[in-house]
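Line by line, the protein sequences give chains A and B. Start counting the first sequence at 110; every next residue gets the next number (the working numbering). Start counting the second sequence at 40; every next residue gets the next number (the working numbering).
Keep in mind that the hints were calculated from the coordinates and are not lab data. Even for Gly, the Cβ is constructed at its ideal location relative to N, Cα and C. A hint or two may mislead.
Claimed, not checked - Sample of chain A residues with no beta-carbon within 10 Å of chain B, all distances over it, derived:
hint : residue
1    : Asn205
2    : Leu206
3    : Lys208
Stated by the list, open to error - Here are the in silico distance ranges between beta carbons for each label pair:
hint : chain 1 : residue 1 : chain 2 : residue 2 : range
4    : B       : Pro166    : A       : Asn205    : 27 to 33 Å
5    : A       : Asp202    : B       : Phe184    : 30 to 36 Å
6    : B       : Val206    : A       : Gln162    : 37 to 43 Å
Claimed, not checked - What the simulated footprint calls covered on chain B by chain A, stretch by stretch (three residues with Cβ under 8 Å from a Cβ of chain A suffice, anywhere in the stretch; the number is not a length):
hint : region
7    : 55-64
8    : 70-77
9    : 80-90
10   : 105-114
11   : 141-149
12   : 179-188
13   : 199-210
The chain contents come next:
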Amino acid sequence: MIPLSWVLALAGLLFGIGLLGALLSTNAVRMLICIELMLNAVNINLVAFSRYQGQAHGEIVALFAMAIGAAEAAVGLAIFVAVARNSKVIDIDKINLLKW
Amino acid sequence: MSFEQVLFIIVSLILLASALGAVFARRIMHSALLAVAAFTGVGGIYAILGSHFLAVAQVLIYIGAVAIVLLFAVMLSQQREISGSNPVRKQKLWKNWVTWAAFGVGLVMVLYFTVNLATPTASQEIPLIHTEPATSLEGLSELLFREYLVPFELVSLLLLLVVIGAVVIARKENDPQ
Chain A
110 MIPLSWVLAL
120 AGLLFGIGLL
130 GALLSTNAVR
140 MLICIELMLN
150 AVNINLVAFS
160 RYQGQAHGEI
170 VALFAMAIGA
180 AEAAVGLAIF
190 VAVARNSKVI
200 DIDKINLLKW
Chain B
40 MSFEQVLFII
50 VSLILLASAL
60 GAVFARRIMH
70 SALLAVAAFT
80 GVGGIYAILG
90 SHFLAVAQVL
100 IYIGAVAIVL
110 LFAVMLSQQR
120 EISGSNPVRK
130 QKLWKNWVTW
140 AAFGVGLVMV
150 LYFTVNLATP
160 TASQEIPLIH
170 TEPATSLEGL
180 SELLFREYLV
190 PFELVSLLLL
200 LVVIGAVVIA
210 RKENDPQ
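All chains, full assembly: derive it from the sequences and hints.
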């Protein structure tokens, strides 16, 4: 028996850490890592509410979120590899080709 | 406190510490490895909450697939920075007060609401999660392959497209074939 609020606090803190890292970091790979942490925090919330209600719907949604998070990581990292090949560094302050 | 609660607190502390380490580690390689530790901790949380199938899926997807992709991306994209320069902006980090203020406000709100939820009022009791695995694998698969069949197939299509797209994007442009 674990209080629901503990799990919610954990997920909130993890999401906050991920958001902080995504806003502060200039390295694109690190930013993607932080986005993955945020996705994991959301999944913890989904699983917690699903287990609290005793239904499996939330777990299914968490499973889909995992698959889509993996897809996003694959495409994002492929883009960063392509950018790194062209400009030798992936500092997101310096990637401004699409800036108007 | 029961054994599960103690285990939950220990795993949570490890998870949060490695997440903080992933954000603030000096080298991007350490950051990726600490993120893998954080993913493992999330899998442990799923197992403690009694959602065993998701714990296994977390290990397979995040620790198996995403971690390898992260490490490959670090290896392929950090030719200059591999010898120790710091990717986190050092001087601006503590001066970025808008981010820190938003983070602090969010933290206070999260803790306030959760403490509020954890304090029993006269009318309601503390919401608890039963950790014995109630939703069986059978029920989960019934749901996944009946009610959520169309999203399931769409996700498999998405994964196929992503694999092709990632190969096309990351390929060298003037490859002879």
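Hints, verified against the model:
With a cut of 10 Å on Cβ distances, Asn205/A stays outside the contact zone with chain B, its closest approach being about 16 Å. Here Leu206/A stays apart from chain B, with its beta-carbon at least about 15 Å from theirs, past the 10 Å limit. No beta-carbon of chain B is positioned within 10 Å of the beta-carbon of Lys208/A; the least distance is around 19 Å. The hinted window of 27 to 33 Å between Pro166/B and Asn205/A is violated, with their beta carbons roughly 47 Å apart.
Against the hinted window of 30 to 36 Å, the Cβ-Cβ separation of Asp202/A and Phe184/B comes to about 46 Å, which falls outside the hint. Take Val206/B and Gln162/A: their Cβ atoms lie about 41 Å apart, and the range 37 to 43 Å holds. Given a C-beta distance limit of less than 8 Å, the hint that chain A covers the region 55-64 of chain B holds, as 6 residues qualify and 3 suffice. For the region 70-77 of chain B, the assignment as covered by chain A holds, since 4 residues bring a beta-carbon within under 8 Å of that chain's beta-carbons and 3 suffice.
Judged by the Cβ-Cβ criterion of 8 Å, the region 80-90 of chain B is covered by chain A as claimed, because 7 of its residues qualify and three suffice. Beta-carbon proximity to chain A at under 8 Å applies to 6 residues in the region 105-114 of chain B; the threshold of 3 is reached and the given coverage holds. Only residues whose C-beta sits within less than 8 Å of a C-beta in chain A count toward coverage, and the region 141-149 of chain B has 4 of them, enough to reach three; the restraint holds. Judged by the Cβ-Cβ criterion of 8 Å, the region 179-188 of chain B is covered by chain A as claimed, because 4 of its residues qualify and three suffice.
By the rule of at least three residues with a Cβ nearer than 8 Å to a Cβ of chain A, the coverage given for the region 199-210 of chain B holds, with 7 such residues.
Hint violations for this structure: numbers 4, 5, all remaining hints satisfied.
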